[in-house]
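Chemist: Hey, can you work out the whole structure from these sequences and the hints?
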Amino acid sequence: MSTLAINLQDMHHHYKDTPASYAGLSIAQWQVDITERVFLHGNSGSGKTTLLNLLCGILLPTSGSVSLFDHNISALSNSQRDLFRAKNIGVVSQKFNLIPYLSVLKNIQLAAYFAKNSRPDVNSDVQTLLNALQLPSNIIHRQVNQLSVGQQQRVAIARALINHPRLLLVDEPTSALDASAKNAFMDLLMQICDNTKITLIFVSHDASLLHHFDSNLDITTLSKAEETMSL
Amino acid sequence: MILLSVAWHSLLSRKKTAILTLISLTISIVVLLSIEHIRLQAKESFNRTISGVDLIVGAPSGQLNLLLYSVFRMGSPANNIKYTSFTMLEKRQLVDWAIPISLGDSHRGFRVIGTNNSYFTYYRYGKKQSLQFEHGSKFSSLFDVVIGADVAKELNYNLGDEIIIAHGIGNTSFTKHEQTAFVVSGILASTGTPVDKSVHVSLGAIEAIHLPPSALKKWLTNPEKTPPVPKSITAVMLKLKSKLSTFGLQREINNYPTDRLMAVLPGVAMTELWSLMATVENLLRAIAVLVLISSLFGLTTMLLASMNERQTEIAVLRMLGASPVTLLLLILLEAVILVSLAIIMSIVVLTLALYSLEAWLAAEFGLFLSDDIFTMELMGLISMIFIATLIVPLLPGIAAYKHALHAQLSSH
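Here the protein sequences line up with chains A and B, keeping their order.
Final position of the first sequence in the numbering used here is 665; the numbers increase by one with none missing.
Final position of the second sequence in the numbering used here is 1575; the numbers increase by one with none missing.
Hint data in this document are derived by calculation from the structure and do not stem from the laboratory.
From the three backbone atoms N, C-alpha and C, an ideal C-beta is built for every residue, glycine too.
Worth double-checking, as some hints may not be accurate.
What the hints assert, rightly or not - Here are the simulated lysine-lysine pairs, DSSO-like style, with alpha carbons at most 27 Å apart: (1) B/K1290 to B/K1394; (2) B/K1394 to B/K1245; (3) A/K540 to B/K1178; (4) A/K540 to B/K1291; (5) B/K1291 to B/K1402; (6) A/K550 to B/K1565; (7) B/K1291 to B/K1316; (8) A/K450 to B/K1316.
As the list claims (entries may be wrong) - Some chain B residues close to chain A (C-beta under 7 Å, calculated; not the full set): (9) S1176; (10) L1322; (11) E1476; (12) A1516.
Unchecked claim - Between beta-carbon pairs, the in silico distance windows are: (13) B/I1165 to A/S436: 57 to 63 Å; (14) A/T562 to B/I1165: 16 to 22 Å; (15) A/G458 to B/T1475: 34 to 40 Å; (16) B/L1568 to A/D444: 22 to 28 Å; (17) B/S1533 to A/N572: 51 to 57 Å; (18) B/I1165 to A/S649: 34 to 40 Å; (19) B/T1475 to A/S436: 35 to 41 Å.
Modeler: Okay, here's the thing in structure tokens:
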């Protein structure tokens, strides 16, 4: 068992109908250790979101492989990949986080359902998580579109953590938050990472957050590395 | 189960369109079910009206006409037949029993049937059921009246009440036979056939009230009155000892030299009645099916239209690990929820409507509808509607599936 959480080898991806200006994403090699916290940045359109989609298996590489925790997820069947994502990867993104018409509890239960997480104490897990995230426990039956943005963000974290994932992908979570909410959010996130052995990929433009992370990666250099090597 | 709850909440989040779709589905299912129910019930109600009669004999006209006025008490007889023809038929070796019928009078909107006591003994309806008396008994004197269950209920008549018979069949007939009051001697139990709405009197009484006033007065004052012998009646119902002789006797009656007679087989006439109705029936069904199809398309349109606003939702579900098939299933579940609700609502609406309109339909149209709509045929129809709902929303379902295949996290 290696200590690698993420291992990309000769991975190349381009969209079928991309404009000629976009070369696609090519990564010769990228490895992230378990429990490492990676700050990923880059200009818009440089492929950050594509990389996240590749990591959680929603997109498949055109060539090469994506391995997570020694599983080559590119080689799994579609349903296996869906299940792997549900069980091992938690995602928190700026938008498109929660299903607006469902209650907080239903949103979180849904994540557990797709991960086939049938432990009877899912509900008490939800309570524990909400407490840990400093959310009042009476919001559990509220519809998420009645919550504030900050509360929704924390519910999204709870949802991402319910299945005890090994990899947490966070996509520009702080851009909708004001300064104090942003700090509170970061503190919370780091606290969670301290308490669990989770690997964190954090995509952001905000360089002021850099001090929280083990490594800082520019997607352009990650992708260009391959180009220079192949040239 | 959680998927069902997601589908349910998703519908709730689009309450307005969902409710409109539900209403349109309910209306179309009500239309379809009620047309089918009325069709089946009308058929059954007509078919159960008469049972065990082999031949109906009347004056020559159409066989349908004869059937309608003699059995269903609809329309007016074209002509009468001689009373002696009846006695001739009654005495025939082949004949098991014969019931004479004389029409033409009414009592407060209900048809008056002149007949004799063999009517109460032999008349059969439904599954060879005979007439039962709720109160009283058959004719024992000339001016006795036996009324059907609906007549008793609506006019609130009891045994011993005196009633007046009017000439003609309108409710407000001018020539009322007022010198001669009839007395209610019997009230029949409810049968669910036109018998319930009939006033039965003896043939002699019919003849008596139609005597010229002077002759009637003379006859009434006659201390030893013997019932006048009727000269003519409207129709005769015959039961033969052997069904095999039906066609022979029919031919013989049609060629009877001393009176102009026509004999029809009730079953054949009934079939002619239904073949007349078949076109209308099929047209109604076609309209009902089209209405249903259009509202199923309405359902599809609603689900398809929601696809755009749901792209993000689909992306979230994908990210949580939902497979594209699960998303297709979610859309189908929404359709199934809506249609199930629509079916339940239409059953409730239809049952309530039938329950409240039952009496009116029976009184106005002679349609005896049961308010039990859980018949085999209707259940079959409901399951067909259900299957159609599983097929029609496949279109938005597949759209969801495709969205799901290409759904991604995106930051814009």
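Chemist: If a hint holds in the structure, say so; if it doesn't, say that too.
Modeler: Okay, the hints, checked on the actual structure:
1. B/K1290 to B/K1394: At roughly 34 Å apart (the allowed maximum being 27 Å), B/K1394 and B/K1290 break the hint.
2. B/K1394 to B/K1245: holds (6 Å)
3. A/K540 to B/K1178: Measuring from Cα to Cα gives roughly 19 Å; hence the hint holds.
4. A/K540 to B/K1291: Outside the cut-off at roughly 61 Å; violated.
5. B/K1291 to B/K1402: holds (13 Å)
6. A/K550 to B/K1565: holds (24 Å)
7. B/K1291 to B/K1316: The hint holds at about 25 Å.
8. A/K450 to B/K1316: This hinted pair is violated, its Cα atoms lying about 81 Å apart.
9. S1176: holds (3 Å)
10. L1322: violated (67 Å)
11. E1476: holds (6 Å)
12. A1516: violated (35 Å)
13. B/I1165 to A/S436: 57 to 63 Å: violated (36 Å)
14. A/T562 to B/I1165: 16 to 22 Å: holds (20 Å)
15. A/G458 to B/T1475: 34 to 40 Å: Violated, since A/G458 and B/T1475 (Cβ atoms, about 25 Å apart) do not stay within the stated range.
16. B/L1568 to A/D444: 22 to 28 Å: holds (25 Å)
17. B/S1533 to A/N572: 51 to 57 Å: Given range 51 to 57 Å: holds, Cβ gap about 53 Å.
18. B/I1165 to A/S649: 34 to 40 Å: holds (38 Å)
19. B/T1475 to A/S436: 35 to 41 Å: At 36 Å between Cβs, range holds.
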